[in-house]
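S.K.: These two chains come separately, so use the hints to put the complex back together.
Here's the letter readout for the chains.
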Amino acid sequence: MLSKIEKKILDGERLNKNEALFLFNSEDIHLIGELADQLSKKINNNFAYFIVNRHINPTNICINRCKFCAFSRSKGEAGSYEMTIEEIINHLKETEKLSGYVTEVHIVSGLHPDWSFEYYLEMISTIKKEFPKIGIKAFTAVEIDYFAKRSGLDIEQTLTKLKESGVDIMPGGGAEIFNPDVRKMICPEKISGERWLEIIKTAHKIGIKTNATMLYGHLENYEHRVDHLFKLRNLQDKTGGFVAFIPLSYQPENTDIKVPYPSGIDDLKTIAISRLILDNVPHIKAYWIMLGEKLAQIALLFGADCLEGTVIEEKIAHSAGARSRKGNTIDELVHMIRETGKIPAERDSFYNILRTW
Amino acid sequence: MVRIDKNKALQMLKEASIYEVGTLADDIRRNLHPEGIVTFVVDRNINYTNICINRCKFCAFWRPKGHPEAYIISKEELAQKIQETIDKGGTQILLQGGVHPELGLEFYIDMLKFIKNNFKIHIHGFSPPEISFLSKKEGLNVKDILIQLKDAGLDSIPGGGAEILSDRVRKIQSPNKINSEEWLNVMKQAHLLGMKTSATMMFGSIDTEEDIVQHLEVIRALQDETGGFTAFIPWSFQPWNTELKRQNPELMPAGAVKYLKVLAVSRIYLDNFKNIQVSWVTQGIKVAQVGLRFGANDFGSTMLEENVVKAAGVSYRVSMDEIIQAIKSAGFKPAQRNTYYNILKLY
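Protein chains in written order, with this note's numbering: chain A, 1 to 357; chain B, 358 to 704.
Derived by calculation from the structure, the hints in this document are not laboratory data.
Virtual Cβ for every residue (Gly too), placed ideally from N, Cα, C.
Treat each hint with caution, since some may be false.
Listing some non-contacts, in silico: residues in chain A with all C-beta distances to chain B over 10 Å [what the hints assert, rightly or not]:
1) E6
2) L92
3) L219
4) S263
5) H335
6) M336
7) Y351
The calculated lysine to any residue pairs, modelled on SDA-like cross-linking and capped at a C-alpha distance of 25 Å, are [claimed, not checked]:
8) B:K432 - B:H390
9) A:K7 - B:T380
10) A:K67 - B:K371
11) B:K553 - B:P606
12) B:K414 - A:D331
13) B:K363 - A:K258
14) B:K445 - A:V259
15) B:K685 - A:D28
16) B:K615 - A:K184
17) B:K371 - A:F24
18) B:K690 - A:K163
19) B:K685 - A:E332
20) B:K615 - A:E339
21) B:K414 - A:S99
22) A:K41 - B:Q682
23) B:K615 - A:H335
24) A:K209 - A:S125
25) A:K258 - B:Y704
26) B:K371 - A:I343
27) B:K365 - A:K149
28) A:K163 - A:K238
29) A:K8 - B:K494
30) B:K477 - B:T583
31) A:K149 - A:K161
32) B:K685 - A:K4
33) A:K4 - B:K615
34) B:K685 - A:I343
35) A:K258 - B:Q682
36) B:K685 - A:G12
37) A:K41 - A:E346
38) B:K365 - A:N221
39) A:K184 - A:N221
40) A:K41 - B:K685
Isolated chain B (complex conformation) (with noise of 0.2 Å):
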């Protein structure tokens, strides 16, 4: 198929149906994964600190520090969260923040060497708004701070901080996170040095169809360039308990169907990302099942625990062994993979 122009997205976007758009996500899906295995990752996703200085309006996670609720995990909670994950089977570990203001690089090279030390896991950690804290802070710049972070242990960074990179949106709802071009930025240094990364776009909040294409293409653009990217991860704003709601009352979630569709339009668009994974955790198990036929091939993960998302008032829990049925009673062969989509073990 043809590469498709920002005109030709808009317009699927805005005007086509969403069976022609998941019909031509659903033989892009199948031409690029014909053996119809779908894959998760069995990970936790550990919040080192809910202390962040972005204090983002989409977001109901963080906490101002000295807040009741505010934390910096311990080594000892760390720990333990790391052995449960590799006692249930887990690969990886997702570590993020909160951007929190008195924390340097030692901290962060102190994190991951202790984790390296103690523990075989991948660490998949922080994302572009943090990185780019870091390299302000130290008043070094992003390559010498990821150089430091890579020495110390950090495999590889997952797409956090994206949101929608459109500007306009940006200065609206999180005027304090970091804009486009250093997100990219960051992304790019991170290829460069051979580190892998997703990409992700949480849309559905203020963003329109325009700001939607725009995402999609500087993300595929980046990838062009370096083909870092592993997999690209939309998901839509969840308004509970958030700050843009408290402003917006009139602000509704996106509902499945727009989900769908933004979903199949990024299979379309990004033709040069292997794996487009769906939003079991912001969807549901069923649409996310749906989702399988709209373009994604990948399950994301078994988040054995997860904060962010459940403080926005949704909170979609399920067990290793559902996912697995999940993907199977789609229609789909169910695979572990590492983080890197290399297939572990088929079910």
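Bound conformation, chain A alone (with noise of 0.2 Å):
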């Protein structure tokens, strides 16, 4: 059966269920790794990339109180916070000081149950407005699903006011793992699987690309992530709207589902699969904040071209107990990358080159 898919691989064929289920199952993770890296030479050439970005998230207080977060918190909880867009704006100031200049800002936040779709459409348009060189990547499709149902708008109409206000691409959270059973284990009070798709693809036909993620290494099994990742290959195949796909590792730390981390091997297997079915989405994001620095070097060499980038302030993840630190200079970005024989590209947020090392 390898020898089969290697074959398949090596004449750019493309995988079917079974046969992804069988990479899953396999331990051969070195020649897994080995063809999803030859892949990934043949769609990104030789670069692995990274963006000057920062991670802004508006407010932790959240109406669904997923399982797997350890983020999140009631109104009015200790340790809950919310920004004002002035808090907002100073904090990329601050950080435009720091760094130089900022491409990206990444932008999520919980479902806060007293603001209102303006706040955040004024929010977007005030950072487009003092800083309209910086990509705006904001909202999952669970925050639009949200901002549409208290708004009264369509998902379409929603879309297009945030468009307009200035988000430029969508991040691709709120995916978690698209199977009901599982997704009603970890989060029942979150959007389908099915809606998360059908919002993406609202999204992709209004013009708006996005990135996919799939959270992994909690409840799911095998068959759920191939399952997640071939939905997301099919709608990929109608729109062409994914940029980039992020494979998530559960950090199990402070969230009610006490599982054990997923081990580096699985990690490293569940990136090179996921490169090696998605085979129309061009990007496959090593998320090191999740992964660790270390596995996320290594990841290159599985499948993945993308690092997230030099991230100031991270919340999420370490809230759940992520061991990265919170943020990663340029040049330890640039030394990471060229010891795996890739070549160090930053990009903005749609891949474009800015420079090379």
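M.R.: Here is the structure:
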């Protein structure tokens, strides 16, 4: 089976679900890694990308208290916080001062029970006005659904308004695992997988590119992962709107789902198989905040072509015990990438290369 | 598999892909340990002093005499640390300095006897630089020093102080420390007295691939002669807070990709070593798990206490349960071992 899969990949053929599942059950991580690297090179030459960005989480108050999340708080609960637009602007100014420039701001947030859709629109348009050159990557499908409900608009109208206010691209969060049974156990209050896909499809339709994610290593099994990845591949065949896929390694600390961390081997395998299945998604990101810098570096040889940027102030994964540092300098990223034999490339939100080393 | 020579090892380090060396090393590990067991030891690092004459540039742990943070451990503190180790299921202590200029053989013998008289625990202690220093200080040859330490209770010797057994590199980064020949001689004498030791390698500072291969070669040659090494433990230089980094600000830590490659080539080259250990202290748990598929079969120690690597800005801390879990989730059977790699308990 493995040699048949190998031949298919080398011939540029697509994997089917059985083959994908076979790979997840295979112990042959070296071969899987090598195949993923070959495909990655074919798609991205030999580049490994990063971006100078800043994460902003405007509030941790959230009506969805997902069991895997250690970040969210209820309103009035100790440790909850809300940022004003002015504070967000100041944070960005501070970051610009620190690193000279910021290419992208990544904004995701809790579902605040009181904030209006207008507040979010104003947040985006103010950022755009103050920092016209910064790419705004904002709001997951889960937030979009919430905005639509609160504003009475449909999804397309909601997305259109956000786009008009200045959203350039959307992150891929909230996908978790599409399987409804697992979803019921880990995030019963969150929108369904179907709804997630529908919202993302609409975003793609009106010209907003997005990322996609998969949270793995909690209560799901390999079939659920394969199913998730194939749903993404099918949608991408229709819309072509996904820019990057980001497998998210579960961080169990301070959450209600007590399972061990996924092993480094599982992380690498999942990244590699994602690359192999998602032959139509240009980029696979090794999110070093969850993997740790060291494993993320290895992931660049297991099918990933992108490290998250020089992130300043990551809160969500660190709430759940992520062991990486909260930020990384460009020198460190360039050094990490070089050691893998890849070409370090600083990018913008759409993977246009700004400079290489 | 036929033994590979230095040229082949060099070619592997420089040109081979990590998939290639990883597959080879993984096969060798599986042949040597077909039952899929990954071992660990429950122990504690006790540094009896941080005063050190060697003052290596890669080290952030040492202090000069008279420094407010300089110390020599008291017997009370030593006893307390050992008792805690035993209480937590520990079977050995890793006892190491500093090479304190004023502490002679008497201090060491007294310390060893104190431990053995009060506790039933294996003493994995000192390292060639400490033993060599004692030999010079006391005017006795290495063998005689070792005999006295052994009689006083020293059970085995860890492989520290090897760094890279290339005198070109040693002259730059640890000019006061013993040279390669002396390091090897101490180990040889210990092996000839029936004491087991481990061997380590710290790479990724100013060393080249040639230096790494040279290190592997001399270790393998001595093992052919004595068979006294229990395991090989490579780890990478941690630059933060060190003199070497201050003098070479561009020096970046070796990444995990290089670590895996060196680990795999070590497994392939050292065909006369049964055990290769991952270094979760320097690499983190996830990379250590991956290391189990790049030639390693041992997870090292639970390190109830560790000071030296921590001083250089890296402090991965984990509990014994986490180590057991990490081995399991990597697809292996965890087993607690003793210093000689005999299995004490399967989990």
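S.K.: Decide, hint by hint, whether the structure agrees.
M.R.: Now for the hints, and whether the structure bears them out:
1. E6: holds, 12 Å
2. L92: Given a closest Cβ separation of 29 Å, the condition holds.
3. L219: holds, 15 Å
4. S263: violated, 4 Å
5. H335: violated, 4 Å
6. M336: Incorrect as stated: the minimum Cβ-Cβ distance to chain B is 5 Å, not above 10 Å.
7. Y351: Fine: 23 Å to the nearest Cβ keeps Y351 of chain A off the interface.
8. B:K432 - B:H390: Given that 25 Å is the threshold and the Cα spacing comes to 41 Å, the pair is violated.
9. A:K7 - B:T380: With a Cα-Cα distance of about 19 Å, the restraint between K7 of chain A and T380 of chain B holds, given a limit of 25 Å.
10. A:K67 - B:K371: Violated, at about 47 Å.
11. B:K553 - B:P606: violated, 39 Å
12. B:K414 - A:D331: holds, 23 Å
13. B:K363 - A:K258: Violated. K363 of chain B to K258 of chain A sits at ~48 Å, over the 25 Å cutoff.
14. B:K445 - A:V259: Given pair K445 of chain B, V259 of chain A holds - Cα atoms ~24 Å apart, limit 25 Å.
15. B:K685 - A:D28: With Cα atoms ~17 Å apart, K685 of chain B and D28 of chain A stay inside 25 Å; holds.
16. B:K615 - A:K184: violated, 42 Å
17. B:K371 - A:F24: violated, 31 Å
18. B:K690 - A:K163: Roughly 53 Å separates the two Cα atoms, so the pair is violated.
19. B:K685 - A:E332: Violated: K685 of chain B and E332 of chain A sit about 32 Å apart, past 25 Å.
20. B:K615 - A:E339: Measuring from Cα to Cα gives roughly 7 Å; hence the hint holds.
21. B:K414 - A:S99: Violated. K414 of chain B to S99 of chain A sits at ~31 Å, over the 25 Å cutoff.
22. A:K41 - B:Q682: Violated - the C-alpha atoms of Q682 of chain B and K41 of chain A are around 35 Å apart, more than 25 Å.
23. B:K615 - A:H335: holds, 12 Å
24. A:K209 - A:S125: holds, 19 Å
25. A:K258 - B:Y704: holds, 20 Å
26. B:K371 - A:I343: holds, 18 Å
27. B:K365 - A:K149: With Cα atoms ~65 Å apart, K365 of chain B and K149 of chain A exceed 25 Å; violated.
28. A:K163 - A:K238: Between K163 of chain A and K238 of chain A the Cα gap is close to 21 Å, so the pair holds against 25 Å.
29. A:K8 - B:K494: Since the Cα atoms of K8 of chain A and K494 of chain B sit roughly 68 Å apart, the hinted pair is violated (cutoff 25 Å).
30. B:K477 - B:T583: violated, 28 Å
31. A:K149 - A:K161: Cα-Cα ~14 Å, so holds.
32. B:K685 - A:K4: The hint is violated at about 30 Å.
33. A:K4 - B:K615: Judged against 25 Å, a Cα distance of about 31 Å means the pair is violated.
34. B:K685 - A:I343: The hint is violated at about 36 Å.
35. A:K258 - B:Q682: holds, 13 Å
36. B:K685 - A:G12: Not OK: K685 of chain B and G12 of chain A at ~36 Å, beyond 25 Å, violated.
37. A:K41 - A:E346: At roughly 17 Å apart (the allowed maximum being 25 Å), E346 of chain A and K41 of chain A satisfy the hint.
38. B:K365 - A:N221: Status violated; Cα separation ~42 Å.
39. A:K184 - A:N221: holds, 15 Å
40. A:K41 - B:K685: Distance ~33 Å between K41 of chain A and K685 of chain B Cα, so the pair is violated.
Going through the hint list in order, the structure does not satisfy hints 4, 5, 6, 8, 10, 11, 13, 16, 17, 18, 19, 21, 22, 27, 29, 30, 32, 33, 34, 36, 38, 40.
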